[in-house]
Structures are given as structure tokens and as C-alpha cells.
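Listed below are the residues making up each chain.
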Amino acid sequence: MASSSHTPLVEMRDIEKHFGSVIALSGVSVTVNAGEVHCLLGDNGAGKSTFIKTMAGVFRPTGGQMLIDGKPVAFSGPRDALDAGIATVYQDLAMIPLMSVTRNFFMGREPVKGIWPFRHVDFDFCDRVTREEMKRIGIDVRDPGQAVGTLSGGERQCVAISRAVYFGAKVLILDEPTSALGVRQTSMVLKYIDMVRKRGLGVVFITHNVRHAMAVGNRFTVLNRGKTLGTATRGEITAEELQNMMAGGRELAELSDELGGTV
Amino acid sequence: MSQQDTADLASVKDERLKEAPLILRLMRRPELGAVMGLVIVTVFFIVVANSTMFEFSGIMNFLAPAAQLGILAIGASLLMVGGEFDLSVGSMVAFTGLIFAACVVTIGLPLPVAILLTLAFAAAMGLMNGQIVIHTGLPSFIVTLAFLFILRGLSLVGLKWATGGSTQLRGVREAATQTPLDSFFYEIFAGDAFEGLFTWLAANDLIAKFPNGQPKVTGIPVEIIWFALIAALAAWVLTRTRYGNWIFAAGGDANAARNSGVPVRRVKTSLFMITAGCAALVAILTVLDSGSTDARRGFQKEFEAIIAAVIGGCLLTGGYGSAIGAAIGAIIFGMVLIGLTYTTIDQDWYLVFLGAMLLMAVFFNNIIRKRVTGER
Chain Z
1 MASSSHTPLV
11 EMRDIEKHFG
21 SVIALSGVSV
31 TVNAGEVHCL
41 LGDNGAGKST
51 FIKTMAGVFR
61 PTGGQMLIDG
71 KPVAFSGPRD
81 ALDAGIATVY
91 QDLAMIPLMS
101 VTRNFFMGRE
111 PVKGIWPFRH
121 VDFDFCDRVT
131 REEMKRIGID
141 VRDPGQAVGT
151 LSGGERQCVA
161 ISRAVYFGAK
171 VLILDEPTSA
181 LGVRQTSMVL
191 KYIDMVRKRG
201 LGVVFITHNV
211 RHAMAVGNRF
221 TVLNRGKTLG
231 TATRGEITAE
241 ELQNMMAGGR
251 ELAELSDELG
261 GTV
Chain G
1 MSQQDTADLA
11 SVKDERLKEA
21 PLILRLMRRP
31 ELGAVMGLVI
41 VTVFFIVVAN
51 STMFEFSGIM
61 NFLAPAAQLG
71 ILAIGASLLM
81 VGGEFDLSVG
91 SMVAFTGLIF
101 AACVVTIGLP
111 LPVAILLTLA
121 FAAAMGLMNG
131 QIVIHTGLPS
141 FIVTLAFLFI
151 LRGLSLVGLK
161 WATGGSTQLR
171 GVREAATQTP
181 LDSFFYEIFA
191 GDAFEGLFTW
201 LAANDLIAKF
211 PNGQPKVTGI
221 PVEIIWFALI
231 AALAAWVLTR
241 TRYGNWIFAA
251 GGDANAARNS
261 GVPVRRVKTS
271 LFMITAGCAA
281 LVAILTVLDS
291 GSTDARRGFQ
301 KEFEAIIAAV
311 IGGCLLTGGY
321 GSAIGAAIGA
331 IIFGMVLIGL
341 TYTTIDQDWY
351 LVFLGAMLLM
361 AVFFNNIIRK
371 RVTGER
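In order, the protein sequence lines correspond to chains Z and G. Going by our numbering, the first sequence opens with residue 1, and the numbers climb by one from there. Going by our numbering, the second sequence opens with residue 1, and the numbers climb by one from there.
To be clear, the hints were calculated from the coordinates, so they are not data collected in a lab. Some hints could be false.
Here are some chain Z residues the structure puts well away from chain G; computed CB gaps all over 12 Å [claimed, not checked]:
id	residue
1	His-18
2	Ser-26
3	Asn-218
4	Thr-231
Computed footprint of chain Z on chain G; a stretch qualifies when at least three of its residues, placed anywhere within it, have a C-beta under 8 Å from a C-beta of chain Z [unchecked claim]:
id	stretch
5	230–243
6	253–260
Positions of the beta carbon are idealized from the N, C-alpha and C atoms, including for glycine.
Could you put the whole structure together from the sequences, leaning on the hints where they help?
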């Protein structure tokens, strides 16, 4: 399954992004391969959000290059990124609690049948697909007609991910999918991320929780103050080293001394 | 390995994927409250009211005002599901009524042209309402409240201008039936439908008739036919079409809907246009029916329409509701308004009923919503 010899699905080279006089990113390089979870770690303000929004086509990079399947691209909007197979699951999930799982799953991309005045959504098909997809990820949906509001946070996250996968994503950007979840819910989401990886997708997993990253990640890139602090492969680095890199190493060591080694 | 995982998960979860129980599925229907209300009100009048109320003629009697309110309520319910309000529908009835009557009487346009112009004008007003709401970001409650007064005032001013000082414009019926073409359209928007069938039924002793052989009910008032057609169409659009899903999405969470590719602005604007169009249709139907228009037409109908929509299961916060529910809510109104005349109860209890019903419906809807979404 290791595909480092193949062309990466997405390659971001020396991406820079300036907002006026603020330099949010100053040369970030990340590659995403098929069948791999690439963890993007960094503290608040490190530039994670700016970076994934650049990757998702929300922002245009000020400098640097973006390649998809080895070919340079320039997105003019999120739609372009989506068409190129890069799907983003944001923290707020774009799910509507009052609507059913099926209606959420197909929102904005409803399959229709029939000739115009009688054209309608093929809800039988939608229900069937939703039921199958939910079964695949092991969510206890009593029926696809139940409202998303009845699902737990982890289940909602999984539905959002499976929606992106179903609609043909090749690269999945997950924006802190586990940050608001409890232990069981987190393990459920991590397990599903592993399943998605095994299906051959490339996953960009943004988190600031090193343990979650270590659980599923193949490679780890740490961002700090808009720069890449380096990319490590699984096995080359320990959780402690990652944690130190994220916090800027020295500062954390000092703090650790002050607090008597509790951080 | 991955397939093994999936297979395991599937077999474990399979028996947990049971069908939702019937009660829960019924509870999930937004119309439930309205249906229960209809049953209670029907039972009440069967017990209390004169038995002629539920004869065919009596049913037509209370369905006619229910239909007029119902058309407004269906428009209001779609808009509420889409997350917005329109408080200007009552004034819109008066103003489009004026436009329509002025087209027919003052300008002397052919009836079909006048009807088209009135509907187009209403759509333009709806477009304006929608654009103001979307571009200013103000709550639709405030924007349409402004238009409640603006349109009511314009109706008064316009009527005086069109009639030379009066606030009533008469002679619509005469002006609207001058040519065969006019008469043809007049039949669609006024009077009774299926008159031939009813005469035939009476002749064959299948329905009640007067001693002279005329049927007691000469036909079904056209507004009831319009009401039924619009209710069916709205229910189908809302629950079965892509546009319907977008209405729910736009009202449920506009931001999330936009992120999923739903054209929220277009959906909301079109809903304002539909609501205004419903008001214009009611104006045309009632103006042709009475043969005149006046500035008080549609007075406070915006509130009744919203109350009917709420009784029908629409949440004030948007994203949830039903067109059929709103139609049933309107029928409850018609039944109580007219039904009280079949009893010895003072008719003014109607207003008390209106308020009480609204309070109960909102209370009930909140409980239902918590059940549906598992909110705690």
C-alpha cells in the first residue's frame, strides 16, 4: 500500500499566503499520497486553517505551487477543488439537524428522475444509498428518515465524511474532526478514517491532539508560525517529540520545568 | 482486511437497523398537530352545532373561507420552512386587488391580461421584498412589517385615485364578463365548478335539491378547487423535489446549505415571490367573487396565515414544516369561523380561539421538535 514511489495525489510546494501585511503562511510544503493519512499538527494560529483553505480553493496562494497528480493547478474557488476531488469536512460539518440523514447526505446534489414538470428526487435510491453507507461505517441509524439532530457528534462526523467519500473525493481534508468528541466517539471517527484510507483515499487530518494523530497517521507535518517544521514518517518520531515541535520545543521544555514536569 | 471489517460491522449492526415504530414515524410528521386539532374541532362541532353544518352545503360554506386563507397559509408555510416571514401578505391582497380591479375597470384590459399583470406585479413585489431582506441582512420580519403599512397605505391612496375619492372600486364583474374570452377566464376564477355535474346529480336524485329541481349546492366554489390544487402541488414540491429539499436546507441552516452548494439566495427570493403570488391569487379570486375591491381586503390575513402555518407544524425558526399542515390549519379556521354560526355560541369567541390555538400549537411543536431531533 505504500505509494511513496508514485506521484502524490496532491503536492503543495512552498505555499505562501499573505493577508495584507500579515504573513499567514511562509513556505509550507506538504504532499498527500493515496492510501495515506497525513497529519497536519500545529497550535492555534500556526496557519493550519489558512493552509487547508488554500488547499480547498477558498484562498488563492500568494506564492508557491500546487500540483494535482503531478500537474500544476490554480483553483479559483471551492467548486474547482471539489471537481478535482478535494473535499473538505469542516468543523461545522455543513449538516442540518432538523433534516433527515438522507436529505442531509444528498443536500445540494440530489439525484432526480422524471421529465421536467414531474421531475423529482429519487428518494428510494437516496434512502437505499444512505442506508448502505451508514451500514458500511457501522452507524446505528434506525432509519435514514431520522433527523441528523438525533445522531451523536461522532456519528455526524462520520456521516459528513462518508458523504464526501460517496461523492467521489480522492483527497479528504478533515478539519479537527475529533476536537469536540469524547473518547468513544473519537475512536469511532479514527476507525472510520482508517477505513477511508484503506479504500485508497488520501486524507489530510488536521488536529492539535498528538495522540489522535499518532493513532492513524502515516506521516506528520508540524506547522508553526506559518512554516513547516518538518515532515516525519510513522516510526521515526515519538509523540513526545511531536508535542515539543508543536509547542516550539524550548518554550515547552522551560514550562515543563516550571510546572515540575506535568506538561 | 478492510472488507472483512466492513462485513463484520454490517453483520453486527444489521439487527440494530430496525424499522422505526409506527408511532415514532407518525410523531415525526409535522402535520400531526394539525390533524389532531382538526379531529378535535370536528368532534366538537358534531356534538355542539346544528347537524346541517356537516351536510354538503354546510361543508362548502366553511371550506370557502378556509380556501381563501389556505392559499395564503400555504405560501406562508413554504416561506417559513425557508426560514423567513412575510407580514405583508394581507396588505398585498388589498394592493394586488386594487391593481387587478384597476386593470379591469379603470383601464379596461381583457381579463386574462389583467390576471397576468396582477400576478407579475405581485412577483415583482416579492422579488423586491426578498432582495431587500437578502442584501440588507435585516430580519424579514421587519422588512415585511414595513411593507404591511406601505402597501396598505398605497391601497388607500390608489383606490381614491382610481375612483375619484372612494375607498371601494365597484363594477368588476360587469367589466370582466364583456367578451367570450373574458367569460371563459371568469369561469376559472369565479363562481362554482362542476355545475353541470351537480345539476345532473340533482336530476337523478343523488344529491339534495330544492322543490323546483335545482340542486341545493350548485357546484364547488372555484376557490376550493384552487386551494386543493395548490395544496397538493406545494406538498409535492416541498417533500419530493430538489427545490423542496433546498427550501428545508435554506431554512434549517443557510450557511451549511450554501457550503453544500444550495443556492440559498435564489431559493429565498423565489419563496417571497411565491408568497406574494399566492396573495395576488386570493385577491383575484375574492375581487371577482364580490365584484368589487376595497382597502380593507385581506386585513390581518398575514397573521391568520402564519398562525395556520404554525398550527400546521411550521417552526418559527424555519427548516421544518408542512404545506398540507398549513392547509389543514386553514380548514380548522374556516370550520370554527363558520361553525360558530351553527351554534348558540357568540361568534366573537373566534378571536379567543385563534389566540389559544396559536399558543397550543407553538407549545406542541416545540415538544415535537425535541422528540424529532433528540434535543435535550
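Checked hints:
no., hint, in the structure
1, His-18, "holds (25 Å)"
2, Ser-26, "holds (29 Å)"
3, Asn-218, "holds (15 Å)"
4, Thr-231, "holds (26 Å)"
5, 230–243, "holds (count 4)"
6, 253–260, "holds (count 6)"
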